[in-house]
Amino acid sequence: MKLLKYAAAFALTAQIATAQEPQTGGTLRLIAQPEPPMLMLGLNQQGPTQFVAGKIYEGLLRYGPDLSAMPGLAEAWEVSEDGLTYTFDLQDDVTWHDGEPFTSDDVVFSLSEFLPEVHPRARGVLERVKEISAPDDNTVKITLNESFPAFLQSFEVSSTPMIPAHLYRDTDYRANPANDTPVGTGPFKLDEWQRGSFIRLVRNDDYWQDGKPYLDEIVFNIVPDAASRAVAFETGEVDVLRGGDVEYFDVQRLAALPDTEVTNAGWEFLSPIIWVQFNLRNEPMNDPRFRKAVWHAIDRDFIANAIWMGFADPADGPLPANSPYHADNLPAADYDPEKSRALLDEMGLTPDDNGVRVTVRYLSLPYSETYIRMGEYVRQQLREVGIELDVTQTDVGGWAQTLGQWDYDLTMNLLYQYGDPALGVERAYVSSNLVQGSPSANVSGLDNPEIDRLLSEAASATSDEKRKELYQAFQQKVVEEAYFAYLVRVNFPTVYHTRVRNLVDSAIGLNDTMADVWIAR
Amino acid sequence: MQRFSFVLGRLIKGIFVILAIGVLAFFVIRLVPGDPVAVIAGKSGSVDAEYMEALRTRLGLDQPILVQLGIFMKGLVQGDLGQSYRQGAPVMEIILERLPATLLLTLSASAISILLGVMAGALAARRHGTWADSAISTLALIFYATPLFWMGLMAILLFSLVLGWFPAFGMVSSDMRYEGLRHVLDVLHHLVMPMTILGLFYMAVYARLTRASMLEVAEMDFVRTARAKGMTEAYITRRHILRNALLPVITFAGIQAGHLIGGTVLVETVFGWPGIGRLAFDSLLQRDYPVLLGIFIITSVMVVVFNIITDILYTLVDPRIEVTQ
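Each protein sequence line maps, in turn, to chains X and L.
Taking numbering that gives the first Met the number 0, the leading residue of the first sequence gets 0, the next gets one more, and so forth.
Taking numbering that gives the first Met the number 0, the leading residue of the second sequence gets 0, the next gets one more, and so forth.
Note that these hints are calculated values from the structure, not bench results.
Glycine is no exception: its CB is placed at the ideal position from the N, C-alpha and C atoms.
Among these hints, one or two may not hold up.
The following label-pair restraints were derived from C-beta to C-beta distances [as the list claims (entries may be wrong)]: (1) L/Ile311 / X/Arg168: 53 to 61 Å; (2) X/Gln404 / L/Phe26: 19 to 27 Å; (3) X/Arg173 / L/Leu157: 41 to 49 Å; (4) X/Asp205 / L/Gln77: 43 to 51 Å.
Partial chain L-side listing against chain X, Cβ under 8 Å, derived [unchecked claim]: (5) Asp34; (6) Gly87; (7) Arg97; (8) Pro99; (9) Leu152; (10) Leu156; (11) Gly169; (12) Ser173; (13) Gly271; (14) Arg277; (15) Asp310.
Same shape as in the complex, but just chain X:
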């Protein structure tokens, strides 16, 4: 942790010392892993697709590190008093990569035809829209059925990318040949994609922001092995390692290399929280005392510092500390194995000759080495208090299916926040999202009318005060009942060479357009 702070301080002074005009030219070399299946961001929103296609497509708005809206394809916007009407003024002189002008008609097409049909996350938001109209070429007016303040957070590029109407209207979107040659408005265009090898983007000379982008090219190398990725950074064959490109225990070693910086900025919008998830349908997980016993048996500081190497903070509830709605007075789930044992005693779960009180199934989450270590740690800690985990090892595909079929007792999961609780958090808690078969629905089986009510009222409340109040009540309720055992909020580290400037300047970090990134020579 100390090292990171030092690196950050050093980075700051280095920036000041060399403060200069951005230089044009150069190639930025990154890693895309795993390889994205396609680059048509409207049809696919997997992490690697967001990362690469975020330079090709753009959204109406961007978001600063404090989650406040910034101009994107919309240069200005206005929300009516009653919170029902949103008016966007679009940038002038924006063209698609094929030379056609970008107009309000494209926005109307994207939001009312394309995205509601193919984008599962956008559909939920756009269902609240009553009417979208385009008074003129540069203005879009959206009227909602009822007030939904989170609406302003839903114009990030992966949530609602703008799609060219002239190429997609009245076609079979998924079979459109244009999917292979993505056409966006962004600062970079697809140049070459050698499957399994690399994706190369080149500068869009007609980009609407004069003088930008500064880079000539961005190359995304496909390097499947984490150790090889670390070496590729060390040999200088890539300039940037994104969070997850290398294991966290490798980051500190790489950070100590000359001319190297580390930042954990750029994840404010997604701000993932990792939790132990219970299947609330099964015994003894349906007893809050058992769930609290699990929570008290785990040392969250240990996970943050020893397993995530300082790139995570202990999480105390469903919202991250950087959310404006985060409650500060939640009952602490302190690390206290004695308390766990007492709760289990109270439930009548007494230890047998081997000290085992109860055996439950644990479905291991195999995203990376770090998640496997977290699972091993949790297993060891729970054994200490008499809960034996019967571990099922699978790959991610097996995990997703078993989870979606609700065939587990305990597992671990991670939830992206998407800027507002109504967009990223709600889906894991509301009973309307109890969909069997999908691993990303409400798979824990949480079905509590009080929570449904709090979340639904908070989503549509017009005043920020009222929203804050309702979300606080929600957090209190969830933590009291310990529906999830919250572990850590992750701050994914980005490791990069100092010659790369302006790398992270928004809440979506490296997923953003990179129009402002430049390389010092």
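Assemble the complex: chain X is given as a structure, and chain L must be docked to it using the hints.
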């Protein structure tokens, strides 16, 4: 004429083998737990039932399994391997895009392992019992026993990071736009490490095989006869011993052709080589059944072809072996 009908017969048998592999692989893949729709849905964030249903229909996964098998086999007979779930593109196209990289890697690894392996084995046999023999045998044992991926990582550390001789990953320099001869040299530069690492294991096998086989042949009567006739040692080794000792090497080379695809998964992963070994692994993780099946089919075609070539080679090396049906 006889050779032609032999090849034809083997080809017909091969086609049935491939069809049988198609049916078998179809069911084996579906035994792997994990639903493609759940995998795709899991990566799309929030998902509703409507989306999952539409996805299932689009991929044809709502059909009974025998109907799915029928569709797959019908396509296979017509040379159509279907569409990838993940990329939406035709499987044949996806595989053909990646196959050349694997062929380049495996064929060059085979060539170098046979060449160096047989040479080392022959040397060890001729210098039987000397320090050279011990050195070769020991090295062969080490290469035989060490995991490929570990050796790959060590090679990257030494030759990329410390010495800076070879690039750490990939098949071309992605930030350059080399063309013509410069491009070929660039690919060869990237090829050296993965080819050598993939070849080491088989090099060890061939060295041991050649050594043992040559020592056995050297004891035979016709060698003694040749020696009694006053022929030089070098001539005897080349014409009498090595030629006869090569038969087991050829047998094994045929088997190696099948094994190489498996070995490439690790080597292609460590070196970021864009071949079908990695494609197979990615497809397995994504439950992209059509691509996985397609790779099974294409590799079994290759194994059948390599087997026929091996059989023909037998008859060339040792004309006493006659081709029969």
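So, going through the hints one by one against the coordinates:
Roughly 59 Å separates the CB atoms of L/Ile311 and X/Arg168, a value that falls within the hinted 53 to 61 Å. The given range of 19 to 27 Å is respected by X/Gln404 and L/Phe26, whose C-beta atoms sit roughly 21 Å from each other. Here the CB-CB span from X/Arg173 to L/Leu157 is close to 47 Å, well matched to the stated 41 to 49 Å. The supplied range of 43 to 51 Å is met by X/Asp205 and L/Gln77, whose beta-carbon atoms lie about 45 Å from each other.
Nearest Cβ of chain X to the Cβ of L/Asp34: about 4 Å, under the 8 Å cut. The hint holds. The beta carbon of L/Gly87 is positioned within 8 Å of a beta carbon in chain X (closest approach about 7 Å), and the interface hint is therefore held. Taking 8 Å as the C-beta cut-off, the interface hint given for L/Arg97 holds, the closest approach to chain X being about 6 Å. Violation of the interface hint for L/Pro99 is found here, the shortest Cβ-Cβ separation to chain X being roughly 11 Å, above the 8 Å cut-off.
Among the interface hints, the one on L/Leu152 holds; its C-beta lies about 6 Å from the nearest C-beta in chain X, closer than the 8 Å criterion. With its C-beta approaching chain X no nearer than about 7 Å, L/Leu156 sits inside the 8 Å limit, and its interface hint holds. The restraint placing L/Gly169 at the interface with chain X holds, with a minimum CB-CB distance near 6 Å, inside the 8 Å limit. A distance limit of 8 Å between C-beta atoms decides the matter here; for L/Ser173 the minimum to chain X is near 4 Å, and the interface restraint holds.
This hint holds: L/Gly271 has a C-beta 4 Å from the nearest C-beta of chain X, less than the 8 Å allowed. The beta carbon of L/Arg277 is positioned within 8 Å of a beta carbon in chain X (closest approach about 6 Å), and the interface hint is therefore held. With a cut of 8 Å, the hint placing L/Asp310 at the interface with chain X is violated, because the nearest CB-to-CB distance is about 33 Å.
Hints 8 and 15 from the list above are not met by this structure, while the remaining hints are.
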